[in-house]
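> Sequence:
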Amino acid sequence: MSENQRPVRVRFAPSPTGYLHVGGARTAIYNYFYAKAMGGTFYLRIEDTDRKRYNEAALHDLLRDLKWLGLQWDEGPEVGGPYGPYFQSERLDIYARAVESLLEKGLAYYCFCTEERLEEVRKAQEASGQAVSGYDRKCRDLPLAEARARLAAGEKAVVRFKIPLDGVTGFVDQIRGSIETRNALLDDLVILKRDKYPTYHLASVVDDHAMGTTHVLRGDEWISSTPKHVLLYQALGWEPPVFCHLPVILAAGGGKLSKRKGAASVGDFRDQGYLPETLVNFLALLGWNPGDDREVMSLDEMIAKFTLDRINPKAAAFDEKKLEWMNGQHIHRKDTAWLAQYLRENLEAQGVDTASVSQEKMIGIADLLKTRVHFLKDLPGMSRYFFIAPETYDEKARTKAWGPGSRQTTTAVREQLAQLSSFDAPSIEQAFMSVCTRLDAKLGVLVHPVRLAVSGVAAGPGLFELLEVIGQAEVLRRLEIAEPLMG
RNA sequence: GGCGAGUUCGUCUAGCGGUCCAGGACACUGGCCUCUCACGCCGGUAACACGGGUUCGAGUCCCGUACUCGCUACCA
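In our numbering, the protein residues as written are 58 to 544.
For the record, the hints were derived by calculation from the structure and aren't laboratory data. Given the structure is predicted, the values throughout are model-derived calculations rather than measurements. Treat the hints with care, since some could be wrong.
Said to hold, decoys possible - Below, a list of computed lysine-lysine pairs in the DSSO-like style, where the Cα atoms sit at most 27 Å apart:
1) K379 x K316
2) K453 x K434
3) K418 x K378
4) K378 x K124
5) K109 x K313
Claimed, not checked - Label pairs and their calculated CB-CB ranges:
6) G75 x N346: 26 to 32 Å
7) K318 x A267: 54 to 60 Å
8) A267 x A184: 21 to 27 Å
9) A373 x R251: 38 to 44 Å
10) A309 x K453: 16 to 22 Å
11) N346 x T468: 24 to 30 Å
12) A202 x E176: 45 to 51 Å
13) G528 x W382: 30 to 36 Å
14) I445 x A309: 35 to 41 Å
15) L293 x G234: 37 to 43 Å
16) A202 x G234: 27 to 33 Å
Heads up, the beta-carbon is just placed ideally off N, CA and C, and yes, glycines get one too.
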């Protein structure tokens, strides 16, 4: 069966009941990648058929988070499209028609069993240790006319799908191969609930067909029900899409990912300071690899290499250490002007007035610091001393760097620096060197006290570059302030 | 319980019968660079769940066992 002539249409179909989980995010990522890689369409469909669990805020956050990740959908909420509506709650008549046709063909039936009775049946089966559990099909052979009469009389019913009593149903999963199940093991599933809303099984099958879906990439919790879906496609006379079930994402020690174990939702990671490109890159690599050793990649680079057959069927644990490393890598690759802009905006919150600071200086700072942070939000605090003279000097560094003689060498350096007509890193280095020879001292002896005096801390970018960015007058001023403190 | 899926270094993974005494990345660690901290570079420790087959040959194929996860809802 090679009907891959049809343009690829894939979807992300979340249920707006909670926050966008990283597992869901990765499902969205793979769908998005596949659509883009194949020149197809990525649409967003909201599966809001569970009225009890529906959550307006969750829907809002979901759309926000997908956009933040950069996974803009081609069709769906807010943007519309030719296959709408994209909310299942607005497609009830479409499901009703499908149900009606199944009913007419005798492939589905009304079931009047109460939840209490179903519960009893379940209990009885458990007690007898029966192999096959599930609905006992009491209403399966109820004549349609009789059922309709009872409905007309005011009785309530659900609609169940008639699973063939024997035979085998299978499908080919794109990443796992052939999967088969004996029909006898399958339950006559409910397809239309008492409240006239469809269940997931019916709604997803009807919509995936109606919306022209060519490939279904979804979580592997659906593997067990896929044969039921295949049977539904057959009953409705439709060609099933290609299925591809994605493995779950586990917490670091194994087990479910949760807020308690750190973070679980896209929002959590955003709040922690991760870049969207980091999260997409990392999540994509959790269960997929590009076929070479590349790891740090942009969205476009990943799309260019994305294929379904390189998805791994194995569940993967989420390693935050690697995520953090990767975030540093992405910050490193960020455009310096962009980082400078970020700095400017976030420095205000630190009480630093950046209005008078030149763009050139901002870029210089961003350039010096970008290999030194794993999180963007650490940048403003780390750059503080470029704008404001240190109010305190790191205590530990002080005892180490400011020893006997520090004052003398620092003064010598200051006097040398004061004579510079051009205050750039190479000239500054030369100045230091000449003091070194004159005093017969090693460079480190001069550098450490000066660094602490100027920045207040022991670690940071190369001192010459740092001094250049701070500027001659300010450097001299800071040195003068610190010298008396050196003892 | 039944059914299904999965199982390579601590973690993410490469591997699609011989080129694997198993390769890359994170973490850990030794070193280089160097004015410090990062970055970068060079090196090290560390894995084919177990047991049977098939084969001249198995991490790679088959069958069991174990473990993990999922489904077994008028939730998705």
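> Out of the numbered hints, which ones does the structure contradict?
Hints 3, 7, 8, 10, 11, 12, 15, 16 are the ones this structure does not satisfy, whereas the remaining hints hold.
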